[in-house]
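A.B. asks: Using the hints provided, position chain B relative to the given structure of chain A.
Quick note, the sequences are listed as chains A and B, same order. The numbering of the first sequence is this note's numbering, which starts it at 1 and goes up by one. The numbering of the second sequence is this note's numbering, which starts it at 1001 and goes up by one.
Because the hints were derived from the structure by calculation, they are not lab data. The structure presented is a predicted model; accordingly, all values stated were derived computationally and were not measured. Don't be surprised by glycine CBs; every beta carbon is placed ideally from N, CA and C. Just so you know, not all the hints are guaranteed correct.
What the hints assert, rightly or not - Covered stretches of chain A, as calculated for chain B (at least 3 residues, CB under 8 Å): (1) 89-99; (2) 163-174.
To be verified - Computed beta-carbon distance windows for the label pairs: (3) A:S120 - B:A1052: 48 to 54 Å; (4) A:S120 - B:E1017: 46 to 52 Å; (5) A:G100 - B:R1013: 56 to 62 Å.
2 protein chains.
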Amino acid sequence: MIIGSRSPEKARRVAEEISRLTGRRIMGTDNRTAVRLAEIVVLSVPFEALPAISGEIRDEVAGKIVLSVIVPLRFQNGDVECVRPESGSAAEEVARLLPGSRVVSAFHTVGAKMLQEIGSPVPCDVVVCSDDREAKMRIIGLIDHIPGMRAIDGGPLKNSRLVEATVALLIELSRMYRVPGVSIRFEGI
Amino acid sequence: MIIGSRSPEKARRVAEEISRLTGRRIMGTDNRTAVRLAEIVVLSVPFEALPAISGEIRDEVAGKIVLSVIVPLRFQNGDVECVRPESGSAAEEVARLLPGSRVVSAFHTVGAKMLQEIGSPVPCDVVVCSDDREAKMRIIGLIDHIPGMRAIDGGPLKNSRLVEATVALLIELSRMYRVPGVSIRFEGI
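Extracted from the complex, chain A is given alone in its bound form:
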């Protein structure tokens, strides 16, 4: 695994920490190099940073799977809300900014703090959306390897807007109930 950052020093520091915690070899470098070396690019950046980061990596993503976990949130007066980007969703915005990449969207409903509990299963469903069927199946296969997680095919990339719209509720509930994260299981599927 390779971690990219605008600050290569920060990437290396975090990579060392994760290597120590997981016992796996993780490498830290700048964004452009990270994307060049990667097979699957996980785009986990604030929505506002998307234009700048896309500019950095645009020339390196052609033909690669780009996994967007981005949720366009707005925090205002103590409230949290999902905002709707002009292109419909963060994932569609990624597709617009990174033409030639194979955009898949997933993991929105899994809180970062839940994933930090290394070694614990993460009991939740993850909805996966993409217009690239093969790329989507690749990500669904990876998710199904994570203990506790179930991948759900959520259809085309434009459906990402429906998934992104659920995240504000999960953040608000985890805030209200003072828990590290609230995730979703779907009943009936």
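C.D. replies: Chain B alone, transformed into the frame defined by chain A:
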């Protein structure tokens, strides 16, 4: 239980059918009379019909619990989306149109078809929002009596916008998977 409708004949017909199916005495009448006789008013109407219905019942709801299950949805070109009313949510719109009533919002994430399976438990969580704590607790108590359901205190009425925003995904998933309804369980609470 009393069913109100703009068409009292329709209300009586449906009331008879439900009486037959459930073995309970159900009455059908016009909206105004139904609200006058009711202790808790369940407002289950299309969002677009809200202004007209509110006008009919406004004088009868003072001090009563009004339960909004309304989701402001838009169906367009085969897509479904939740729209945001100017007041923030359907529930806040109900509060604006029916001042003096005690508005609670709940049941958004439970599909009508799931509730029609009389006698079957309905496995799902129901988020309940209100600015009236006593009214909210009353509804939470009722939900916890329904086999399979768990009520979750979702905080103030304005949080209803976060709950309403999740429904389009559930409708889309039930359409994609051709199931009568998809509901939510929250993990971590």
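A.B. asks: For every hint, state whether the structure bears it out.
C.D. replies: Hint check:
{"no.": "1", "hint": "89-99", "result": "violated (count 0)"}
{"no.": "2", "hint": "163-174", "result": "holds (count 9)"}
{"no.": "3", "hint": "A:S120 - B:A1052: 48 to 54 Å", "result": "52 Å, holds"}
{"no.": "4", "hint": "A:S120 - B:E1017: 46 to 52 Å", "result": "49 Å, holds"}
{"no.": "5", "hint": "A:G100 - B:R1013: 56 to 62 Å", "result": "59 Å, holds"}
The structure shown violates just one earlier hint, number 1.
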